[in-house]
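Going line by line, the protein sequences match chains L and Y.
The numbering used here puts the first residue of the first sequence at 1, with every later residue one more than the last.
The numbering used here puts the first residue of the second sequence at 1, with every later residue one more than the last.
Please keep in mind that the hints were generated in silico from the structure rather than gathered at the bench.
For clarity, every value in this text was computed on a predicted model and none was experimentally measured.
Ideal placement from N, C-alpha and C gives every residue a C-beta, glycine not left out.
Mixed in with the good hints there might be a few duds.
[What the hints assert, rightly or not] Distance condition first, Cα-Cα at most 25 Å in a straight line; then the derived DMTMM-like pairs of lysine to aspartate or glutamate:
#1 Y:Lys47 to Y:Glu242
#2 L:Lys35 to Y:Glu321
#3 L:Lys92 to L:Glu149
#4 Y:Lys443 to Y:Asp427
#5 L:Lys8 to Y:Glu337
#6 L:Lys35 to Y:Glu359
#7 L:Lys93 to L:Asp45
#8 L:Lys8 to Y:Asp29
#9 L:Lys107 to Y:Glu96
#10 L:Lys105 to Y:Asp303
#11 L:Lys107 to Y:Glu202
#12 Y:Lys47 to Y:Glu26
#13 L:Lys107 to L:Asp156
#14 L:Lys8 to Y:Glu340
#15 L:Lys69 to Y:Glu76
#16 L:Lys69 to Y:Glu195
#17 Y:Lys373 to Y:Asp427
#18 L:Lys8 to Y:Glu242
#19 L:Lys121 to L:Glu149
#20 Y:Lys275 to Y:Asp226
#21 L:Lys185 to L:Glu161
#22 L:Lys107 to Y:Glu25
#23 L:Lys107 to L:Glu149
#24 L:Lys107 to Y:Glu40
#25 Y:Lys250 to Y:Asp176
#26 L:Lys35 to Y:Glu242
#27 Y:Lys253 to Y:Glu195
#28 L:Lys107 to Y:Glu359
#29 L:Lys8 to Y:Asp176
#30 L:Lys35 to Y:Glu340
#31 L:Lys8 to Y:Glu96
#32 L:Lys107 to Y:Asp29
#33 L:Lys121 to Y:Asp176
#34 L:Lys8 to Y:Glu401
#35 Y:Lys364 to Y:Glu351
[As the list claims (entries may be wrong)] Footprint (simulated), chain Y over chain L, 3 or more residues, beta carbon under 8 Å:
#36 32–43
#37 70–83
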Amino acid sequence: MTCLLCDKSLDYQPTWQHFLGIQQDTSACPTCLEKFERIDQVIEDDRLDSVHSLYAYNEAAREYLHQFKFMQDVALAQIFSPSLRSVLNDSKKIVVPIPMHPINKRKRTFSQVDALLEAAKIPYQSLLEKTTESVMGEKSRSERLAMTELFRVTADIDSNEAIYVLVDDIYTTGTTLRHAAEALKQRGVHRVEAVTLFRPMREK
Amino acid sequence: MSERHQLKQFLAGRIWLRHLMPFPEETVDEAIRQGEIHIEQGVTSKKTWHGTHYTCQRCHNENPTRFTVFTCAQCEAPCAYCRNCLNMGRVSCCSELLTWTGTLPAFPTQHRMNWQGNLTPSQQKATRELLDSTKQGVSHLLYAVCGSGKTEMLFQPIHYVLNEGKRVCLAAPRVDVILELLPRLTTAFPDTRIEALYGGAEVEHFDAQLILATTHQLYRFHEAFDVIFVDEADAFPYTADETLQRAVRKAAKPNAPIHFVTATPSSQLLAMNKKQGNISILARRYHGQPLPVPRSVALWNYDKQLKKKRIPAKLLRWTTERLDKQQPFLIFFHQIELMELAEPLFQKLDERICAVHAEHEDRKQRVQLLRQKEIPGLLTTTILERGITIPNVQVAVVGAEQTIFNKGALIQIGGRVGRSVPNTSGDFVLFHQGITHAMDEAKREIRKLNRTEVPQ
Ligand SMILES: [Zn+2]
Ligand SMILES: [Zn+2]
Ligand SMILES: [Zn+2]
Chain L
1 MTCLLCDKSL DYQPTWQHFL GIQQDTSACP TCLEKFERID QVIEDDRLDS VHSLYAYNEA
61 AREYLHQFKF MQDVALAQIF SPSLRSVLND SKKIVVPIPM HPINKRKRTF SQVDALLEAA
121 KIPYQSLLEK TTESVMGEKS RSERLAMTEL FRVTADIDSN EAIYVLVDDI YTTGTTLRHA
181 AEALKQRGVH RVEAVTLFRP MREK
Chain Y
1 MSERHQLKQF LAGRIWLRHL MPFPEETVDE AIRQGEIHIE QGVTSKKTWH GTHYTCQRCH
61 NENPTRFTVF TCAQCEAPCA YCRNCLNMGR VSCCSELLTW TGTLPAFPTQ HRMNWQGNLT
121 PSQQKATREL LDSTKQGVSH LLYAVCGSGK TEMLFQPIHY VLNEGKRVCL AAPRVDVILE
181 LLPRLTTAFP DTRIEALYGG AEVEHFDAQL ILATTHQLYR FHEAFDVIFV DEADAFPYTA
241 DETLQRAVRK AAKPNAPIHF VTATPSSQLL AMNKKQGNIS ILARRYHGQP LPVPRSVALW
301 NYDKQLKKKR IPAKLLRWTT ERLDKQQPFL IFFHQIELME LAEPLFQKLD ERICAVHAEH
361 EDRKQRVQLL RQKEIPGLLT TTILERGITI PNVQVAVVGA EQTIFNKGAL IQIGGRVGRS
421 VPNTSGDFVL FHQGITHAMD EAKREIRKLN RTEVPQ
């Protein structure tokens, strides 16, 4: 086995955790993993009950998303499986990935959030459908605010009482997540939380 | 020039992802309708008794750990892609690779060679032999010691091939080597279309006749070249990677000769050329003086002493002698950690001494400072083993018994010493904790080369 990020070989050193079966399969070497800065930042928002971001969007994160999304290296989805599993481990909550527009998904050949969840073997429900083809980052602030509806709920909501957790790769302006939460709440869902892999930190 | 003609010049000899073609779709579609382009599946699969066996049709990778299978939204099926050549655009089961099958473009047959340098009798002999092999279409190994001026020996054979209207590739495993070769070749062949290809460089001259490329870039060629010269043929990662060697074979036309140039040929390369090729040995440096023979000095527990923040006595004496005599020096370490532990200790002797390794961005600048005598010496990993010339440099290896210092690496490191006139010799010392086979071999090889008769 070699590290998915730097190609150096991973020397397996079996530990006691390994024998007990708790050791999770590593796909990147410690040197590469160290470059990601864990922040576990949780914020509250008017329409989202909580947003939990796992890592800072730093240089390593930028390179990671470039290789994963732009270079289409689906294999990289598994690098964050252990961390995603540890925060999405409540089986009573319903995990809902932020979808891509079908045309964009076909172009990329995969949806990054679905791939992250599948690699981590986290069950999820694809309740949302994206109604616009354009990407949030390409819009101006006024355009973003003027948009009425980004997502449509495409399936029946089983339980309004359950907690729904939206998952996205990165939290930037929050518009995407807010629109998704709004769509669910309009269908009667009481509590919508969110988990994102990355979040840009303010310059210190 | 018409777009159709440009398409021919671009694609002839290349293998390219359809969706990354630098032409409008209609132009490509039209050529396909005309039967001038062959389309093949990017990754092919074969069912075997122990699962599915994948092959990447661009880089010829077949290693199952270098493929990833995923649920593809484009072909709506489980789809495999190749991670071996990923950085050139992803190749998967549902991507299409294009090759040119139409008539081939013609290249100029008159090239000016702007080079009046003098070759020593040894160099002349080697050049003549390399040229003969080129004419006969036989693979040739140019085994030329460090500092023998090997690039100049390639000029005449390259000139010959260009004047035949043929396409030549000069490949090297590392981008540093390519960037160093480019200005020398553009000066030598001022009217020839030359292009350097390496990671991040776009194809600019579709009609380039002489291509300098890292061996990785050859993944994107297919039966393109009439001759390929592989420079520094022993350097990492080329030796380690079998698919890279296949890439070189694939980039050459069938029966085109592949020549290797190296100061430290592997036994495999020597055997291959003894069997089905020719070999020229250039045992003498261009200035005619022998290669420095290493001396071995025992240095017990150097790692423990460095960890206790102490420079071992013999190494300390060696370094202060260099500082006193104002001789520039390089001290090689096998490990970054140990080198960084040693750095502050050496800085107590002279605060300008510093360490360099592969990830240092100002590596080239520090070497330049050493050359200009702005700094007295550098601590380094094997990254500086080849390609650099520093007048009057003295070299020490700390931990010469470590496996990273194989025979080839030791010969390359010694090759830094005594390269230029008037300092044609210098100290080359191996500090060790026990003499290894590699150290013995390197010494024997250097002695043997020094004894080799040279034509007068
Ligand atoms: Zn790594
Ligand atoms: Zn490949
Ligand atoms: Zn596919």
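Quick one, are L:Lys107 and L:Asp156 close enough, alpha carbons at most 25 Å?
The given pair, whose Cα atoms are some 28 Å apart, is violated under the 25 Å limit.
For the pair supplied as a hint, L:Lys8 and Y:Glu242, is the alpha-carbon distance within the 25 Å limit?
holds, 17 Å
Going straight from one Cα to the other, do L:Lys121 and Y:Asp176 come out at no more than 25 Å?
violated, 43 Å
CA of L:Lys93 to CA of L:Asp45, is that 25 Å or under?
holds, 19 Å
Is it true that the CA of Y:Lys275 sits at most 25 Å from the CA of Y:Asp226?
holds, 21 Å
Just to be careful, I want the Cα atoms of L:Lys92 and L:Glu149 compared with a cutoff of 25 Å; is the pair within it?
Violated, because 28 Å separates the two Cα atoms, which is more than 25 Å.
What's the verdict on L:Lys35 and Y:Glu359, does the C-alpha distance respect the 25 Å limit or exceed it?
With a Cα-Cα distance of about 15 Å, the restraint between L:Lys35 and Y:Glu359 holds, given a limit of 25 Å.
Straight-line Cα separation of Y:Lys47 and Y:Glu242 no greater than 25 Å?
holds, 23 Å
Agreement of L:Lys8 and Y:Glu340 with the hint, judged by alpha carbon distance not exceeding 25 Å
holds, 21 Å
Regarding the pair L:Lys8 and Y:Glu337, is the alpha-carbon distance no greater than 25 Å?
This hinted pair holds, its Cα atoms lying about 17 Å apart.
Within 25 Å, alpha carbon to alpha carbon, are Y:Lys253 and Y:Glu195?
holds, 19 Å
Hey, L:Lys35 versus Y:Glu242, does the alpha-carbon distance stay inside 25 Å?
Judged against 25 Å, a Cα distance of about 31 Å means the pair is violated.
Hint violations for this structure: numbers 2, 3, 8, 10, 12, 13, 16, 19, 26, 28, 31, 33 and 36, all remaining hints satisfied.
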